[in-house]
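Can you make the complete structure from the sequences, with help from the hints?
Convert by adding 125 to the 1-based position in the sequence shown; the result is the number in the working numbering.
A few of these clues could be false.
[Stated by the list, open to error] Simulated DEER-style distance windows between Cβ atoms:
(1) 347 x 443: 30 to 36 Å
(2) 263 x 402: 15 to 21 Å
(3) 447 x 348: 23 to 29 Å
(4) 447 x 147: 19 to 25 Å
(5) 322 x 408: 27 to 33 Å
(6) 416 x 273: 17 to 23 Å
(7) 375 x 194: 29 to 35 Å
(8) 371 x 408: 37 to 43 Å
(9) 400 x 269: 43 to 49 Å
(10) 270 x 318: 41 to 47 Å
Since the hints were derived computationally from the structure, they do not count as laboratory data. Note that beta-carbon positions come from the ideal geometry of N, C-alpha and C, so glycine has one too.
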Amino acid sequence: MKRRVLITRENLPGSGLDRLSGVAEVVAWPGNGKPGAADLAPLASGVSGVLALGNDPVDGALMDAAGPSLRVISLASMGYDNVDRAAAAERGIVVTHTPGVLAETTADLTFALILAARRRIGAAEASLASGSWGLFRMHDYLGLDIHGATLGLIGYGQIGRAVARRAHGFGMRVLHHDPHAPDDALSASVNLATLLTESDIVSLHVPLTAETRHLISARELAAMKPTATLVSTSRGGVVDEEALLHAVREGRLHSAGLDVFEREPMGTELSPLVAEPHVVTLPHIGSATEATRAAMVDLAADNILDVLAGRPARTPLPGTPAVQSIPAGSTGVRA
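And the structure:
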């Protein structure tokens, strides 16, 4: 009997789905927008794998709907906060993500946000488009320099290091805070308090976990320079958005550049940060190039193919098994 694989969205880029179709029946959620776990559960019965986008929920109820045949949950994303990892571990399910393939592209966008926020590019472009640029004045759209500034990276994995490499092209001093990353040729390791007080730009590159939720809140924002810029291409929940809004509105922070939000997608109920003139906002496009998005789906498909073939997954989540385990109390091997 041919295996079944559930895809949480239709029309994904890359060749991975074609290769999956060669070994399994591929079932895709046909709806528009973001599916909920309840939308996906009716399609999950008997599936051996789930390929999900990074903000599509995969909870214990969905795993139960799939039943004991489910062997692997493969995310086409770097982040993994949308998966109930404890529920997957209890069931012996391999969970994978797509590090590496999106690091350089996301680092590019991080620098785009740094440039746009520091140099007030959004406000200047809006003025030009509205027809209000009628006179050259020396004090209009004054931003702050990027070259020679101090960049602080919170999280120093693949994306953080890629940002550090770009920063050296701007003659920047680079600091990082990451308990797993010592000093290197690109950046000096410092504690969080030092990074916040010394950095002109603070850029976030950590996953969203219980420990990092609202890692940047009112206290951390108060420690930053009033001329500083906060940039995030990680996950929205890492920043307390209400605290950030107050800091920018009250002039306690120069600017911010955000590609991620606590509520995604927004629809017509926009975050107040979107309308702030000193905040540059984007709809989670850090990995949005044709080549990178295709590579993410291809890697996600390869992880499923490997696990279903009995091989270790290529990119399991940090600290989790690359091969399927048998949960406690199980009486046999999964199908």
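Comparing the hints with the structure gives:
1. Against the hinted window of 30 to 36 Å, the Cβ-Cβ separation of residue 347 and residue 443 comes to about 31 Å, which satisfies the hint.
2. Remark: the range hint 15 to 21 Å for residue 263 to residue 402 is upheld by a beta-carbon distance near 19 Å.
3. For the pair residue 447 and residue 348, the beta carbons lie near 39 Å from each other, so the given range of 23 to 29 Å is not met.
4. Checked against the hint of 19 to 25 Å, the pair residue 447 and residue 147 passes, with Cβ atoms roughly 23 Å apart.
5. Taking 27 to 33 Å as the suggested C-beta distance range, the pair residue 322 and residue 408 conforms, at roughly 32 Å.
6. Taken as a hint, the range 17 to 23 Å is violated for the pair residue 416 and residue 273, whose Cβ atoms sit roughly 32 Å apart.
7. Look at residue 375 against residue 194: about 55 Å separates their beta carbons, and that is not inside 29 to 35 Å.
8. Take residue 371 and residue 408: their Cβ atoms lie about 23 Å apart, and the range 37 to 43 Å is violated.
9. One distance hint, 43 to 49 Å for the beta-carbon pair residue 400 and residue 269, is violated here, with the actual separation near 22 Å.
10. At about 25 Å, the beta-carbon gap between residue 270 and residue 318 misses the expected band of 41 to 47 Å.
In terms of the numbered hints stated before, the structure departs from hints 3, 6, 7, 8, 9 and 10, listed from lowest to highest.
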